[in-house]
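Novice: Chains as they are written, first to last, in UniProt numbering: chain A, 1 to 485; chain B, 1 to 485.
For the record, the hints were derived by calculation from the structure and aren't laboratory data.
No false leads were slipped in.
Okay, the calculated bits of chain A under chain B, using three or more residues with CB under 8 Å as the criterion:
1. 30 to 39
2. 62 to 71
3. 102 to 112
4. 190 to 202
5. 215 to 226
6. 231 to 237
7. 300 to 308
Derived Cβ-Cβ restraints for the label pairs, each shown as a range:
8. A:369 with B:86: 54 to 62 Å
9. A:227 with B:50: 32 to 40 Å
10. B:39 with A:369: 20 to 28 Å
11. B:1 with A:307: 48 to 56 Å
12. A:312 with B:110: 53 to 61 Å
13. A:351 with B:221: 31 to 39 Å
14. B:110 with A:187: 27 to 35 Å
15. B:366 with A:351: 54 to 62 Å
16. B:50 with A:36: 32 to 40 Å
17. B:137 with A:127: 54 to 62 Å
18. A:312 with B:86: 52 to 60 Å
19. B:18 with A:307: 32 to 40 Å
20. B:14 with A:182: 34 to 42 Å
21. B:119 with A:182: 52 to 60 Å
Idealized CB from N, CA, C, for every residue including glycine.
There are 2 protein chains.
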Amino acid sequence: MAYFDTASAAPLHPVAREALLAALDEGWADPARLYREGRRARMLLDAARETAAEAVGCRPDEVVFTPSGTQAVHAGVSGALAGRRRAGRRLLHSAVEHSSVLHAAEAHEAAGGSRVELAVDRTGRVAAGDVAAALTPDTALACLQSANHEVGTEQPVEEVAALCREAGVPLLVDAAQSLPWGPVPGAWSLVTASAHKWGGPPGVGLLAVRKGTRFAPQGPRDERESGRSAGFENIPAVVAAAAALRALRADPGTGAEAERLRGLVDRIRARVPRLVADVEVVGDPVRRLPHLVTFSCLYVDGEALLHELDRAGFSVSSGSSCTSGTLTPSHVLRAMGVLSEGNVRVSLPYGTAEAEVDRFLEVLPRVVHAVRARLGVPVAGAGAARSPEAGSGSGSGSAEASGAASENAEAPGLVVDSLGKRCPIPVIELAKAIGEVPVGGTVTVLSDDEAARQDIPAWCAMRDQEYAGERAAERGAAYVVRRRA
Amino acid sequence: MAYFDTASAAPLHPVAREALLAALDEGWADPARLYREGRRARMLLDAARETAAEAVGCRPDEVVFTPSGTQAVHAGVSGALAGRRRAGRRLLHSAVEHSSVLHAAEAHEAAGGSRVELAVDRTGRVAAGDVAAALTPDTALACLQSANHEVGTEQPVEEVAALCREAGVPLLVDAAQSLPWGPVPGAWSLVTASAHKWGGPPGVGLLAVRKGTRFAPQGPRDERESGRSAGFENIPAVVAAAAALRALRADPGTGAEAERLRGLVDRIRARVPRLVADVEVVGDPVRRLPHLVTFSCLYVDGEALLHELDRAGFSVSSGSSCTSGTLTPSHVLRAMGVLSEGNVRVSLPYGTAEAEVDRFLEVLPRVVHAVRARLGVPVAGAGAARSPEAGSGSGSGSAEASGAASENAEAPGLVVDSLGKRCPIPVIELAKAIGEVPVGGTVTVLSDDEAARQDIPAWCAMRDQEYAGERAAERGAAYVVRRRA
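The task is simple: from the sequences and hints, build the whole structure.
Specialist: Okay, here's the thing in C-alpha cells:
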C-alpha cells in the first residue's frame, strides 16, 4: 500500500502523536482559568505558539490557532479586508488559489466588495508584473498562495510581497502546502497554514498577522485567540501540531529529504510521458514543491483511473470533473488551460520509499491502458501519435489551415452529438471523428459536460489540431475543431 | 487535588481516549477522497454521526460536527436567522444564555437585526409566559439554553418548544451543559452542544438542525459537513467525542450517578450557608443540573478566594468581576439580581468522591475567613448578622423606614468615596458605614466599579437594607442605601 496524497492530508507524525497523548492529560482544561489545570493548559498553549511562531518566522503574539486551514483563510481574508475598509473593498487573488480563498472572495463579493482574479500561465504561475499592474490604491488585500496545491508550482511570493509593501497593500500568503518545507520568505502581512498537511493532527490551522497589519476580526465576538478565532482552544491538537512542525524544522534531514523527493518527482515527470501515450505532465518542472507532481491522461476517466490505482495499492487524488461532487473540473487546471481528464496528482509523504515510486511507474501504464480499453479509445494512428515535427511545424501549418478553412466555409464538416455524455467520452468521440474529415474540415462536438469546455481546447493543443471556438447551442455548447493534418 | 470545574471542561473520558488513539491511525485521511484511507475515514465519520444523532434524538443527516460548541452556536444562530429572513429579523433569547449566544445576537444586531432579551427570575429561569408573549409574527428565531452554565437552573425548554412550534418560530436549544445527562426533550428545531463538556476531546461541537427547519449557512461556502461547518473534518476527535457520549448513554449508571451527584450538590447547598456567614446560594435548588452549584460570599474577593481554594487543592470557577478579563461581573448573576462578589461555581465531574466534597466543605470556611480577614471585613455585629426575625419582619419594617426617610429628606447621611476601588471593597465600606448612620439615614457610595451596580442592591436584599437607587456622578455612579434597622 502506498499513500501518495499527502497534499490532502498527511498521516500523523510520530512526534505529534506523542505530544498529543501527553497534552490530552495535561492540556484539556480551560487556559483562561486561574487554577492549576488551567495554568498548565495555558503554559502548553503559550509554548506551542512560540514554537509555531519560530517556524513561521514571526512573533508569538502574531500567531493564532484556528480549527482548520480553511478557517485560518476565512478569518484572515475577512479580517484583513475589514481592517482596510477605508482604503477600499477591492480584493486581488490568483485564479489558482485554494477553494477556501476563492470562497472567502465570493463571500466578499456577495457582501458588496469587488475582486480581481489574476490569470496564470500554463505552468500555473502568476506574473509579478500582473500583480504590480493590478495594485490600485483602492486594493484592500492581495492573496497569493506560496505554492499550488494541485500542480506544485511555486508562486513569486517574495517578489509580490515587495510589490505589495511598496503599494501599501497587505499580502496574505496561503502557505498550506509549503510550510512543511520552510518558512514563507519576504515581507508578507498574513500567512495561513494547516497542521494536517505537515503531520500535525486535524483540527489545527494557523493564522499569522504581522504587527502593523490592520486587522478587524469578523463574525461574533469571542475573547479567545486574541479575538481572531472563536471557540474553546484545542490545546492537545495545537501542542501536537507545533511539535510536528518543530520536528520538521529541527531535522537536519528535512532539506535532504526535500531533495530526495524532488528526485523521485523528477523521475515521475520524466518517465510517465514515456511510459504512457497521450499524457500531459503539468506545472512548473523546476520552481515547484519538492514532493508533488500532476499529470493528465487523454481518453481516461479519472474516477476509473483512481479506482484502479486504489486497487493496485496507490492512493492518489485527481482534479478531473468525474472525481468532484460538482462534475466540474479543477479550477486550477482550467485556469492553466491544461487537460483535466484522466488527471492524477501524486504527492509523496516524507520518507516515501524509492521502490514504491518505481512500482507506481510500473503499474500506471497497465492501469491507463485498461481504462482506455474499456472506453474503446481510438488506437494510436491518425491523430493519436504526436510527432515532434508536427509540433514544431504547427505555426505555419496553422496559417495554411485557416486559409483553407475560410475558403471552405461550407467545407465538409461532421457533427458529433455527445449530449448527456460525461468526460472523457466527448473527447474520445472527437478523436475518433477527426480522422473522418479532410484537412481543413471541421468536427463540431455538441456537449453539455463542463469538462468539454476545458478538455476539447486542451486536446487540440496536445494533438496539434485547431480549436476554432465555441458556439451557443440549444443544449450545452457546440465546440468546433478544424483538422490541421 | 479535586477538579470541580467540569462545566468549563471535563477531562477526557477513558473511552474517548481509546477511540481517539484508534482513529488517529484510521481516520486521518480526507473523507471526501475515493481511496481506501479516505473511505475508512468516511466510515468512521458516518458512524460517529449516527452515534451522536442517537444520543441527541434526531436523524444522522440532521447532525453536523463543528470545531467547538461556540462555533455550533454561531453557525446555528446565523443559519437559522438567515433561513427565516422573510419572516423577520427579530431574535429572542434569554438574558442568561452562554456568551456565544449573546455574541451571535450582538453580531445579528450589528448587521441590522433586532433582538429581545428575556428577563429571568431570581433563580435564573425564564417564564414560559414571557416567551409566549414575545413570540411575534416577525420573530425569526428563539434561543433558550437547556440549563444554565453558571447556576445550573433548568429552563422550561419543552414548554417553550411547544409554544414556539405553535407560533411557527424555530427554537435553538443550547444544550452544552445538559447533553451529558440526557437528550433535550420536546419539539426543538436546533440543538447545539460541545464535546469537551461530556468527556470528549476539545475541538468538537455539535449542531443538529431538524428537517423542516429553514436554514441558510452563512460565511464563505464550504462543501464539508453539509455546508454547515467549514474546514477539514477533525475525524479522530469526532470519533472520540461520539464514543464518550455513547458510553455515557449506554452506562446504566448515568442515571444513578446523576442522583448521587445531585445528593452531593444538595449537601453543598445546605451546608455552605451554615458553615460560612453571609453567603447566598443561587440558582434553583430542585429544577437544576445534577452536578452544579453556585454561591456568593459577601465581603470576599473572588480572585483571592479562587487562589486560596486552588492552593488547598480545589479547582473551581467564579463569575466575580475580578476573575474576568473585563472586570465586569457575570451577566448571568447580574440578570438574576444576585450577589456577584466572592462567587464560586462548583461543578462536579462524573465519579467525584464523596470525601472530596466533604473536604471542600471543611476547607471553605477557613479559606473564606482568611480572605475576609485580609480585607478587614466588619466583624459580625451591626448589620453583619442576619436574624430570621429581621428577615421576616422586613415587610412592615420597610414601610416604617421609608416613612422615616421621607420625613428626613435632609436627614443624616454619609458619603463613602470608593472611587478607584474594586469589588468587594465598595461593599465592605458600605457595610462599615451603615452602622454609623441612624435608622432612616443614608449611605451614598461613590464607585466606578462595575460590580458595585450589581452588588450594592444585592447586599441590600441580603442585609434587609433599603436600596434607594443610583444617581449619576462625576465619575462612576452614586449608590444610595437607606438604613432600615
